[in-house]
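A.B. asks: So you can see what is in the structure, the chains are spelled out below.
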Amino acid sequence: MDVPVAAASTTNSTALAYVRAAPAAAVSPPMATVGVLAWIRERLFPNVGSSLMTISIALLLIWIVPPLIDFLIVKATWTGADREACLPTAERPEVGACWAYIGDRFAYLVYGSYPVAGRWRVDVFFAMLTFGTAWLLWLEAPRRDIGAAYFFVFLPVASFLLLHGFEPIGLSIVDTALWGGFTVTIVVAAVGIVVSLPIGVVLALGRRSRLPAMRLLSTLFIEFVRGVPLITVLFMASVMLPLFVPDSWSPDKLMRALVGVALFSSAYMAEVVRAGLQAMPRGQYEAAHALGLSYWQTLRLIVLPQALKVTIPNIVNSYIALFKDTTLVFFVGIFDFLKTIEVGRADPAWATPVTSATGYIFAALVYFVCCYAMSRYASSIEERLAAGERR
Amino acid sequence: MNLRPGAAADMPAVEITGLHKWFGELHVLADINLRVGRGERIVICGPSGSGKSTLLRCINRLEDFQRGDIVVDGMALTRDTRRVDAIRREVGMVFQHFNLFPHLTVLENCTLAPIQVRGMPKREAEKRAMHFLARVKIPEQAGKYPSQLSGGQQQRVAIARALCMSPKLMMFDEPTSALDPEMVKEVLDTMVALALDGMTMLVVTHEMTFARQVANRIVFMDAGQIIEINEPAPFFANPQHERTKLFLSQILH
Chain A
62 MDVPVAAAST
72 TNSTALAYVR
82 AAPAAAVSPP
92 MATVGVLAWI
102 RERLFPNVGS
112 SLMTISIALL
122 LIWIVPPLID
132 FLIVKATWTG
142 ADREACLPTA
152 ERPEVGACWA
162 YIGDRFAYLV
172 YGSYPVAGRW
182 RVDVFFAMLT
192 FGTAWLLWLE
202 APRRDIGAAY
212 FFVFLPVASF
222 LLLHGFEPIG
232 LSIVDTALWG
242 GFTVTIVVAA
252 VGIVVSLPIG
262 VVLALGRRSR
272 LPAMRLLSTL
282 FIEFVRGVPL
292 ITVLFMASVM
302 LPLFVPDSWS
312 PDKLMRALVG
322 VALFSSAYMA
332 EVVRAGLQAM
342 PRGQYEAAHA
352 LGLSYWQTLR
362 LIVLPQALKV
372 TIPNIVNSYI
382 ALFKDTTLVF
392 FVGIFDFLKT
402 IEVGRADPAW
412 ATPVTSATGY
422 IFAALVYFVC
432 CYAMSRYASS
442 IEERLAAGER
452 R
Chain B
2 MNLRPGAAAD
12 MPAVEITGLH
22 KWFGELHVLA
32 DINLRVGRGE
42 RIVICGPSGS
52 GKSTLLRCIN
62 RLEDFQRGDI
72 VVDGMALTRD
82 TRRVDAIRRE
92 VGMVFQHFNL
102 FPHLTVLENC
112 TLAPIQVRGM
122 PKREAEKRAM
132 HFLARVKIPE
142 QAGKYPSQLS
152 GGQQQRVAIA
162 RALCMSPKLM
172 MFDEPTSALD
182 PEMVKEVLDT
192 MVALALDGMT
202 MLVVTHEMTF
212 ARQVANRIVF
222 MDAGQIIEIN
232 EPAPFFANPQ
242 HERTKLFLSQ
252 ILH
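Line by line, the protein sequences give chains A and B. Residue numbers in the first sequence follow the working numbering, run continuously in steps of one, and reach 452 at the last position. Residue numbers in the second sequence follow the working numbering, run continuously in steps of one, and reach 254 at the last position.
Note that these hints are calculated values from the structure, not bench results. From a predicted model like this one, the values you see are computed outputs, not experimental measurements. For each residue, glycine too, the CB sits at the ideal point set by N, CA and C. Treat each hint with caution, since some may be false.
[Claimed, not checked] Some chain A residues judged to face chain B by a derived CB distance under 8 Å, without partners named: (1) Arg104; (2) Gly344; (3) Gln345; (4) Leu352; (5) Ile363.
Next up, chain A with everything else stripped away, as it sits in the complex:
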């Protein structure tokens, strides 16, 4: 046992006070608490129950992962011109994923039936969208106010002119019935995302308004839309909307679905934004008012920048749900990404036992990559906020 230095050095054997005379030396921790072995013991086998769980999960992985790799990679067919490449033969009784089919159909999965000569327009649209998204998502980017204007005002107009066409500048009209594949999925999701945030903010403010009429209207809209499944909204938009507008003006099918998706996501967005508004301390409003800022100035300069920032994770969450929900437009006859997979599946040129599985796995991968990217972004923001870096 170490005797405290001060106590030992006192001439008086009955020291009244303990005073450390020198700093305690740093000592390495006991061996059993650091290192790989300790980690394994502590995290994987701390007790009987957890050990059994560890072993079961390991067995489950051994059971699932190798066959999956086998199907997706080892036995997969990578090249080929038609179904012959992916059919089981005497030399190859077991056939894995038919990636050749995805490769052959790739352009269709991305562009649908969009005219080949005009596909550069879709590529430009993708590039502009990527640019705008990156500008907005990168919180330290310069001039994010211009970025927001670009994303919420310029981009929608430019995209419409580009994809739909605008004769005066030589872009021929492409009927939306020809749009399809990943392009449509992105268009539907992007419209939902771009439209739902501003409308959601307005609805959230309306629901917190002091004016009873505003409050009632906003609440009615939000609660009605939230009380109905998206598929119902889509059917209503595609079947009932034409009943209310003159025949000559009947909006096209895609437009109807877009309206449905936008309204639906706005209602959810409103509730997300409202939570952010409610989290704002009263003192922020009071300080702004005391300085003479008006209601709208307070909202624009003080409340919304802070409220939206703390709700970014939840906003992105809604976007993930929205992105997956876009597959529902399939039911009102729109050729989104999933629908093009469905069509390709039924194509006799690629009819093999593994075509369907390959198509669905590919669809799942694409949706997963998109949603996981959004999810990672949301958690990184969440970590920054948790670290107190509230800028």
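Got chain A sorted already, so can you dock chain B onto it with the hints?
C.D. replies: The following block gives chain B in isolation, referenced to the frame of chain A:
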């Protein structure tokens, strides 16, 4: 000096007559009459829940009131939004919890209102802000965010932010109550300096040393009423009302 044309030199900064306020059934301010002269420094004290803060908050209409009149700088306080905003422009307020805007830098906190409310050019607003930040002795923190500052520094920024609007009247609502003890002095020193410059001040505080040193008059409130108003020396030496005596005996130990 900085009076608007036609304003009489003896026009008070604030004149409150017959003010009543209820929170639901609760009568929180009862028949308040107070006249604050230009350049006058008034400290309001009293037990918690006596309505001191509510009274301040009525003056810039952060709180509504049901009866009575408040005239600020010659303008009657009405429900009209434009009138309320006009009065708020002339009345600076410093809060117990600072209420700085966390998403803006110290400098932006100070320039926001002059630019947005007074329409001042950005360059000029920044020059003014740096002037006042220097006066509260933290010009070197201008580029930082409020969360990077200590409580005392944040409160001094809050004072500078209010001063940037060139208010005719400064109101302080328990400005040192949320501070760690070692930071109280730096904030009080700033307020003393402001008083020496002749600023009209209305201060709710429990800092009796400050009151003695700075106040022209001390207002004692209890249960929503003004119980006693007096100059500091007689107020402390010879309180008239029983409740004032009780309060002072509790607070001065």
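A.B. asks: A separate judgement is required for each hint: does it hold in the structure or not?
C.D. replies: Going down the list of hints, with the structure as the test:
Against a cut-off of 8 Å between C-beta atoms, the interface hint on Arg104 (chain A) is violated, since the closest Cβ of chain B lies about 35 Å away. Interface hint at Gly344 (chain A): satisfied, since its Cβ lies 4 Å from the closest Cβ of chain B, which is below the 8 Å cut-off. For the restraint placing Gln345 (chain A) at the interface with chain B, the shortest Cβ-Cβ distance is roughly 6 Å, inside the 8 Å limit, so the hint holds. The interface hint given for Leu352 (chain A) holds, since its Cβ lies 4 Å from the closest Cβ of chain B, which is under the 8 Å cut-off.
At its closest, the beta carbon of Ile363 (chain A) sits 6 Å from a beta carbon of chain B; the interface hint therefore holds under the 8 Å criterion.
Against the hints set out earlier in the document, a violation occurs for number 1 only.
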